[in-house]
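K.L.:
Sequence:
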Amino acid sequence: MLLAGCGRESGRIVLPAAEARPPSAAPASTAAASSAAPSIPEIVGRFAPRDECGGSPGWDAFFLRLGRAIGQRDAAGLVALADPGIVLDFGGGSGAAELQRRLSGSDGIKLWAELDAILKLGCAAGPETGNAVLPWFFGQSLGAADPYQVLLVAGEKVPLRAVPDSASPAIALVTWDIVDGIEERGAFRKVSLPGGRQQGYIASGALRSPLDYRLVVQRQRGEWRLMAFVAGD
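Once you know that position 120 of the sequence shown is 119 in numbering that gives the first Met the number 0, the rest is easy, because the numbers rise by one and skip nothing.
Read the hints as simulated data drawn from the structure, not as lab findings. Keep in mind the model is a prediction, meaning the values are calculated, not measured. A couple of the hints might just be wrong.
Below, computed lysine to any residue pairings styled on SDA-like, alpha-carbon distance capped at 25 Å [as the list claims (entries may be wrong)]:
1) Lys119 x Gln148
2) Lys156 x Arg184
3) Lys119 x Gln139
4) Lys109 x Gly84
5) Lys119 x Thr174
6) Lys119 x Gly194
7) Lys119 x Val86
Label-pair distances were calculated between CB atoms; the ranges are [unchecked claim]:
8) Gly107 x Leu172: 34 to 42 Å
9) Asp164 x Ala96: 40 to 48 Å
10) Ala161 x Arg64: 39 to 47 Å
11) Pro40 x Ala75: 30 to 38 Å
12) Glu183 x Phe89: 21 to 29 Å
13) Arg45 x Arg184: 24 to 32 Å
14) Ala143 x Ala166: 49 to 57 Å
15) Glu41 x Gly84: 40 to 48 Å
Ideal Cβ placement from N, Cα and C applies to all residues, glycine included.
Please take these sequences and the hints and turn them into a complete structure.
P.N.:
The following block contains the structure:
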């Protein structure tokens, strides 16, 4: 650091004797600045959830019933909102009866948790009137990004850490942006920030694939119906 008016003698910095001052505390602003922790870079993306469906004819009442059925783990109530031929996977699984069986079976806990997560992530209106998809993120263009490779950081100021340890200090904070997934390390995932400018670890629970579970909804004869509840491609 350069010190104005300082000289050097025998390799040591020599302070000028003139204008000697009694020792005193540094000004509050200087002391605060010197003791403040270094700022952590924040990366803010464009994928914070939005609701493009609210206000559409019949949507609010439908969404209220959907939220109630999911919150109460009411399989029959959810099935009542589904199309008879609802698609459940890409291997031929479909139908309202099959949906009820899955929700009530050994996979039920996981499926209800997926539905809980979907409800909090907004809704995208489809290109045609009367179509919608939840979460909102699924309806967005990723540009040149590979949907099989990227992950959504689903939250605000999610820590990116140098090592896969929750006690490790954050080297960046990421808000609703996509990152490249590299490898899993226990409860963490090694990722690369957009443009590959930095790598680190983010808790797996804060990450979501573009191809994770989604609900496809369509308005038929004046009523909204669940047309698909699927993951993958």
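K.L.:
So which of those numbered hints doesn't the model satisfy?
P.N.:
6, 11, 14
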